[in-house]
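J.: So the sequence lines, in the order shown, correspond to chains A and B.
For the first sequence, the working numbering gives the first residue as 1, with consecutive numbering after it.
For the second sequence, the working numbering gives the first residue as 1, with consecutive numbering after it.
Rather than coming from a laboratory, the hints here were simulated on the basis of the structure.
Note that the structure is a prediction, hence the values are computed from the model and not measured.
Some clues are possibly wrong.
[Claimed, not checked] Listed next, the in silico BS3-like pairs over lysine-lysine satisfying Cα-Cα at most 25 angstroms (straight line):
#: 1; chain 1: A; residue 1: Lys126; chain 2: B; residue 2: Lys11
#: 2; chain 1: B; residue 1: Lys11; chain 2: A; residue 2: Lys80
#: 3; chain 1: A; residue 1: Lys80; chain 2: A; residue 2: Lys179
#: 4; chain 1: A; residue 1: Lys80; chain 2: B; residue 2: Lys26
#: 5; chain 1: A; residue 1: Lys179; chain 2: A; residue 2: Lys126
#: 6; chain 1: B; residue 1: Lys26; chain 2: A; residue 2: Lys179
[Unchecked claim] Some chain A residues near chain B, calculated using beta-carbon distances under 10 angstroms:
#: 7; residue: Asn23
#: 8; residue: Arg46
#: 9; residue: Ala58
#: 10; residue: Leu139
#: 11; residue: Leu164
#: 12; residue: Asp165
#: 13; residue: Glu169
#: 14; residue: Ala170
#: 15; residue: Gln183
#: 16; residue: Gly188
Glycine is no exception: its CB is placed at the ideal position from the N, C-alpha and C atoms.
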Amino acid sequence: MMQMAHDTLAELGDDALLALYANGDGTAARVLMGRLLPSVLRYAARILGDHAEAEDVAQEAMLRLWQVARNWRQGEAQPKTWIYRVTANLCVDRLRARRRRAASNIDDIPEPEDPKHTVVVQMIEKDRLRALDGALLQLPERQRQAVVLRHIEGLSNPEIATILDIGIEAVESLTARGKRNLQTILSGQKHAFGYDHED
Amino acid sequence: MMTDLDDLFVKARVSGPEPSAALMAKVLADASNMQQEMLAPKTSALPTRRLPNLLDRFMAVFGGAATVSGGVMAGFTGLALGYLQPESLNSLSAILATESTAEVSVDLLPNYDSLLSEE
Numbered sequence: 001m002m003q004m005a006h007d008t009l010a011e012l013g014d015d016a017l018l019a020l021y022a023n024g025d026g027t028a029a030r031v032l033m034g035r036l037l038p039s040v041l042r043y044a045a046r047i048l049g050d051h052a053e054a055e056d057v058a059q060e061a062m063l064r065l066w067q068v069a070r071n072w073r074q075g076e077a078q079p080k081t082w083i084y085r086v087t088a089n090l091c092v093d094r095l096r097a098r099r100r101r102a103a104s105n106i107d108d109i110p111e112p113e114d115p116k117h118t119v120v121v122q123m124i125e126k127d128r129l130r131a132l133d134g135a136l137l138q139l140p141e142r143q144r145q146a147v148v149l150r151h152i153e154g155l156s157n158p159e160i161a162t163i164l165d166i167g168i169e170a171v172e173s174l175t176a177r178g179k180r181n182l183q184t185i186l187s188g189q190k191h192a193f194g195y196d197h198e199d
Numbered sequence: 001m002m003t004d005l006d007d008l009f010v011k012a013r014v015s016g017p018e019p020s021a022a023l024m025a026k027v028l029a030d031a032s033n034m035q036q037e038m039l040a041p042k043t044s045a046l047p048t049r050r051l052p053n054l055l056d057r058f059m060a061v062f063g064g065a066a067t068v069s070g071g072v073m074a075g076f077t078g079l080a081l082g083y084l085q086p087e088s089l090n091s092l093s094a095i096l097a098t099e100s101t102a103e104v105s106v107d108l109l110p111n112y113d114s115l116l117s118e119e
């Protein structure tokens, strides 16, 4: 099949790109990957707290997208929402497997890095972000997913409801509680962050 | 008012791990393999299914071709017999019409007295 110009493809929606890919356009896959893979990887890394595992999950999620391309029903779902949902489920599977392994042989599991320990007493951006990631890992799984999708990935509540397969009210509740918990966790480190001044 | 946490969220949005070249290569290889698989002609093509025409659908309503052909055959036979009136058939009709019906009495309540009588 004739390959469409990269610039032309860049103007198309994700679902149109997926349809082009299914019809043999190789460039469409590259453009789609460029749009979706960074978000998926970032999301998985924040949920799992493990870069290598996040890469595996991101690759698997993208593979599943390629697999469904031929049967994709235009206009019914957005590839972006769909792939976040797949990634969320893959992350849940990984976390469950991790808990099972931990339960079966606790001695073999390396001590998780203490998130508080990652909060280096320096006011530099990198450390603050690392502290945020550490605090996120202390949240319950669903709260973490909702907070990352809402506040970091910038998705809307209806999109998050679709991804997590819950109602919009549940999303609002999860994000609100998650944010409160994050503030509580991070407030203990305010001194370390130099936020002693009054807001 | 933007809190420290909101500020951190905004910064986190543009931070985080970027896909490595190796990961992107693996994803593109998966895409290519899957695309080839999708577009490859099927080696064992399924037989094309013929759409049922009007006659097929009509016959299906009455139980299929075998049932319909049996019914049609019976109908034609009846018509043929009616029009042709073969001699042998007339003879048979005459016999059946004139034959007196034999009265057969059936004892629905047989008498069990014989069974009760003492030897």
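J.: Does each hint hold? Answer for all of them.
T.: Going through the hints against the structure:
1. Straight-line distance between C-alpha atoms of Lys126/A and Lys11/B comes to about 10 angstroms, which keeps the hinted pair within the 25 angstroms bound.
2. With a C-alpha separation of about 22 angstroms, the suggested pair Lys11/B and Lys80/A falls inside the 25 angstroms cut-off, and the hint holds.
3. Simply put, Lys80/A and Lys179/A have alpha-carbon atoms about 24 angstroms apart, close enough for the 25 angstroms limit, and the pair holds.
4. Of the pairs offered as hints, the one joining Lys80/A and Lys26/B holds, with about 20 angstroms between alpha carbons and a cut-off of 25 angstroms not exceeded.
5. Using a Cα cut-off of 25 angstroms, the hinted pair Lys179/A and Lys126/A holds, with the two alpha carbons roughly 20 angstroms apart.
6. Proposed proximity of Lys26/B and Lys179/A is contradicted: the alpha carbons are some 35 angstroms apart, above 25 angstroms.
7. Residue-level restraint check for Asn23/A holds (minimum Cβ-Cβ distance to chain B is 8 angstroms; threshold 10 angstroms).
8. Checking Arg46/A against chain B by beta carbon gives a least distance of about 7 angstroms; that is within 10 angstroms, so the hint holds.
9. For Ala58/A, the interface hint holds, since its Cβ comes within 10 angstroms of a Cβ in chain B; the closest pair sits about 7 angstroms apart.
10. Contact between Leu139/A and chain B, as hinted, is not supported at the beta carbon level, the nearest pair being about 13 angstroms apart and thus beyond 10 angstroms.
11. Here the hint on Leu164/A is broken, as its CB sits about 18 angstroms from the closest CB of chain B, past 10 angstroms.
12. A least Cβ separation of about 24 angstroms between Asp165/A and chain B goes past the 10 angstroms threshold, and the interface hint is therefore violated.
13. Interface restraint check for Glu169/A: the shortest CB-CB distance to chain B comes to about 22 angstroms, outside 10 angstroms, so the restraint is violated.
14. Interface restraint check: Ala170/A against chain B, minimum CB-CB distance 20 angstroms, threshold 10 angstroms, status violated.
15. Nearest Cβ of chain B to the Cβ of Gln183/A: about 6 angstroms, under the 10 angstroms cut. The hint holds.
16. Here the hint on Gly188/A is broken, as its CB sits about 13 angstroms from the closest CB of chain B, past 10 angstroms.
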